[in-house]
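2 protein chains.
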Amino acid sequence: MEAELEFFFDYGSPYSYLANTQLLGLSQRTNCVVKYRPMLLGGVFKATGNRSPAAEPVESKRLYQGVEMQRWVSHYDVPFFYNPFFPINTLRVMRMAHAATQMNVFDKFHATVFSAMWERGKNLGDIEILIAELIHAGLDGDSLAKMSEEASVKQSLLATSEEAVRRGAFGAPTFFCGGEMYFGNDRLQFVEKALREE
Amino acid sequence: MEAELEFFFDYGSPYSYLANTQLLGLSQRTNCVVKYRPMLLGGVFKATGNRSPAAEPVESKRLYQGVEMQRWVSHYDVPFFYNPFFPINTLRVMRMAHAATQMNVFDKFHATVFSAMWERGKNLGDIEILIAELIHAGLDGDSLAKMSEEASVKQSLLATSEEAVRRGAFGAPTFFCGGEMYFGNDRLQFVEKALREE
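Protein chains in written order, with the working numbering: chain A, 23 to 220; chain B, 23 to 220.
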């Protein structure tokens, strides 16, 4: 039986993007199935009392974040464009991820949104820009936007975010596998080790 | 010419201990020289406005720290005993590290103190317990204690802590090599990569 790796993420989180770039290779190497769990990071922060790294009050720690980000980008050798609109309100786009799942277009939606957010620096907090990006990728952006306003979709995002918090998450990305929680892109090596041992 | 790796640490920091267990192997693999830079982490926190992980206000984040610690201990396969007196006021022991350097007994002092703190759970905030540990290891604990009260030794610790802050440190362990700063035990892989490329 294939092991399952749950990936709780928010499109507005650069380290969720970085981790996401590694998941295909990881799943191939470990023969695991990645279960994508779009959550609202802002909601997780609010529920736990945590805050965004962007709101880090210690200046030297905040400055170091930029150095770290570039190191990971170099280490992974992936495209990255620091989004000038960061931090972005991701409520609509995260709801749309749940709508995309219901409309069976999640994979394409997922790739499009992460790329627009962290490879092309688009302001996806602006619904019109978001819809245009989706349409450009061949998705039905208007239907996704409309569906994202339905109560069941709103509830689905809320439930996922609440589940993450209940299971111990306080940030993104957060992984669960084999009953263990792993926080952060920089713990993918421990995740891989755990998957190999399962 | 051998590359130099500066290791800014505090004996009261468990991740400084964990990183320290890896430095011999790292220096052998990369042919670098480790320069030990004992600093007062409490002073660094105060100067930067940062706080101890022990004072983390987000409950789930604080609980996760214990999980993480055990993962690193298992990963490195090193002895570890969570110090029940943590967090410990390390002013005296950090001053003594500078005294030990001046008395040319730093290596033995260093090994003794990290072991007492994180392998045997001793309350090294208590000067009598600290001196006893040093004497037990064959060091002149009384002379070290006396010397640690000298102005030049106090100044030496202060200068090191201030230098760390000036160069961008906000926590421990912090490494510098090749003009770059690396924060955290979990960045030793990047440190090693940098040392190999020098």
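What the hints contain is simulated information worked out from the structure, not anything from laboratory work. Mixed in with the good hints, there may be bad ones.
Given that identical chains are not distinguished, each listed pair holds provided it fits within a single copy or across any two copies.
As the list claims (entries may be wrong) - With a straight-line cut-off of 16 Å between C-alpha atoms, the simulated EDC-like cross-links for lysine to aspartate or glutamate are:
#  : residue 1 : residue 2
1  : Lys215    : Glu90
2  : Lys68     : Glu81
3  : Lys215    : Asp99
4  : Lys215    : Asp148
5  : Lys83     : Glu202
6  : Lys83     : Asp162
7  : Lys83     : Glu172
8  : Lys176    : Glu150
9  : Lys68     : Glu28
10 : Lys168    : Glu202
11 : Lys83     : Glu28
12 : Lys176    : Asp99
13 : Lys68     : Asp162
14 : Lys176    : Asp129
Small disclaimer: the values here were computed from a predicted structure and weren't measured.
Within, between, both or neither, where lysine 83 and glutamate 28 count as close if Cα-Cα is 16 Å or less
neither (29 Å within a copy, 19 Å between copies)
| request: With 16 Å as the alpha-carbon cut-off, assign the pair lysine 215 and glutamate 90 to within, between, both or neither. | output: This pair counts as between: shortest inter-copy Cα distance 14 Å, intra-copy 23 Å.
### Up to 16 Å CA-CA - glutamate 81 versus lysine 68, copy category
between (22 Å within a copy, 13 Å between copies)
- How would you classify lysine 176 and aspartate 129 at a CA-CA limit of 16 Å: within, between, both, or neither? Result: close neither inside a copy nor across copies, 20 Å intra and 60 Å inter.
If the cut is 16 Å between Cα atoms, do lysine 176 and aspartate 99 qualify within a copy, between copies, both or neither? Neither, since 36 Å and 45 Å both go past 16 Å.
Since the copies are identical, ignore which copy is meant and state whether lysine 83 and glutamate 172 lie within 16 Å (CA to CA) inside a copy, between copies, both or neither.
Result: close neither inside a copy nor across copies, 40 Å intra and 33 Å inter.
Within, between, both or neither: how does the pair lysine 83, aspartate 162 come out at a Cα-Cα threshold of 16 Å? Neither. Shortest intra-copy (41 Å) and inter-copy (39 Å) distances fail the 16 Å Cα cut-off.
Open item on the list: If the cut is 16 Å between Cα atoms, do lysine 176 and glutamate 150 qualify within a copy, between copies, both or neither?
Closed with: neither (19 Å within a copy, 61 Å between copies)
*For lysine 168 vs glutamate 202, is the C-alpha pair at or below 16 Å within one copy, between two copies, both, or neither?*
neither (36 Å within a copy, 48 Å between copies)
Intra- versus inter-copy proximity for aspartate 148 and lysine 215 (alpha-carbon distance at most 16 Å): neither (39 Å within a copy, 40 Å between copies)
- Query: When no copy is named, should lysine 68 and glutamate 28 be tagged within, between, both, or neither for a Cα gap of at most 16 Å?
  - Reply: neither (22 Å within a copy, 38 Å between copies)
Q: Evaluate lysine 215 and aspartate 99 at a C-alpha cut-off of 16 Å and name the case that applies: within, between, both or neither.
A: between (22 Å within a copy, 15 Å between copies)
Hint compliance for this structure: hints 4, 6, 7, 8, 9, 10, 11, 12, 13 and 14 are not met, and every other hint is.
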